[in-house]
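Chemist: First to last, the sequence lines map onto chains A and B.
Per the working numbering, the very first residue in the first sequence carries number 1; after that it's consecutive.
Per the working numbering, the very first residue in the second sequence carries number 1; after that it's consecutive.
It should be emphasised that the hints constitute simulated quantities derived from the structure, not laboratory data.
Careful, some of the hints might be misleading.
A few chain A residues facing chain B, derived, Cβ under 8 Å [claimed, not checked]:
#1 G7
#2 W8
#3 L10
#4 V18
#5 N23
#6 F40
#7 L80
#8 L86
#9 V88
#10 P90
#11 N93
#12 A115
#13 H117
#14 D120
#15 N161
#16 Y170
Pairwise CB distance ranges (calculated) [to be verified]:
#17 A:R33 x B:A234: 44 to 54 Å
#18 A:A25 x B:V224: 18 to 28 Å
#19 A:S50 x B:A223: 52 to 62 Å
#20 B:A216 x A:A205: 48 to 58 Å
The beta carbon of each residue, even a glycine, is placed where N, CA and C say it ideally should be.
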Amino acid sequence: MSEKAKGWLLVVAALAGVWLIRNGAGTQLVPPRPTAAQAFADGPVPQPGSPVADPLKPSAPVRIRIPSIRVDAPMMRLGLGPDGSLDVPPAGNRNVVGWYRDGTPPGSRGSAIVAGHVDDAQGPSVFYDLGALRKGSTVEVVRQDGRTAVFSLDAIEVYENDDFPDERVYGAASFASLRLITCGGGFSKETGYEGNVVAYAHLTAVR
Amino acid sequence: MRPVRLVTGTAASALTIATLGFLTACPAAYADEAGAQRISSADPASRATDGLASRATGDEASGDGASGDESGSGSGADTPFSLDNLSNLIAPSLLDSAGGITAPGGDEGTNRSEDPGRGEKTDPGEGTDRGEKTDQGEGTDLGDSSSSGRENSSSSGHDSSGGRESRSPSEEGGSGKQDGSSSGNRPEGPDGPTGHVKTGVGGSVRPDTTQIAAGAGVLAATAVGGAWLLRRRASGTQGAG
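Work out the full structure: start from the sequences and follow the hints.
Modeler: Have a look at this one:
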């Protein structure tokens, strides 16, 4: 190996070192946060002017796709934890999304609750970019009955853990509503993420 | 060649250490705070009535008009699957509303315009109970809540659950009721989720000292390697000259 090649190798190694330090500092890896402009103007209802499709019969979801943030993940059933909070998908699989199995399945009338990890100890997970969604973003849920429920985002909001609006997030809806939840907001070393990001969508079409 | 291996070896081990660092970067335990369980369904119920409620009811109403059976299946809430689910689901929220929140239910009732059917179906005792409220929507709503209450608590059990079951398949009142429950009432309070989800550990955000140390190690190694390379080049030049 020539001296030149060795020199290049050193340069690459040095860059790797710099990258490690920078990555370790975590300055580059903050999940996107929705702006206040993405919040509901008044109440969790479909955006005015957006079509509202008739709800489907209940059928379990099998897959979720959010093209704008490159999400394409299988779905699993979630129950409740001992403290009454929604369970989350198991650690170790960064590309799986859960839905609240005792609630409304996505596409049916009511509020379907869907949760995914923003990250794990190894890095970003399936809903890492959830906060980058905007009003009007499309969410697709493939269901067991073979149909695909297409949702349009109405709003995306951030809540502090200590002040989590249960009724707004988990409350009823008279249309086919979908709520996507992940961690977000501020981050503290001691307690982790200080809030949740919740994206609200409604059924606009069925394929 | 050997020094190169040394350098790459160092880098590789540093990277390994860094990876380990990632793996062990456990988050602090989350505070175990389940937000206060709010049981009132007043908000969701009334929310259900604004905005789209009228649209939904339009659907149901027209479906009913066309044919009782169709409306049931068309609205999608009364498949066997949902029935099962729903009987679980309705209970808590309706219980709640039975707990004294009548206003939102009244809204629902009127919105849904199923009042006539319902009015006769709710049992007389209930009807008169709420008679103070005067409008039939009220009556309907209570029919609703009492029926679910029945399933899940004996407090309002006096109005035969059998009656409800037998009539629910038979005509629109029944299907409408199920629709109502699926539309207006999701699991709330004790049965629905409460509080935030714990879907992140911050592994990608938290400053990782192990990784930083590894990076520093790699940098140090490259510095050593660079120095060695320069020195060797210098001595090589010397030797050649």
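Chemist: Name the hints, by number, that the structure is in violation of.
Modeler: When the structure is compared with the hints, numbers 2, 6, 10, 11 turn out to be violated.
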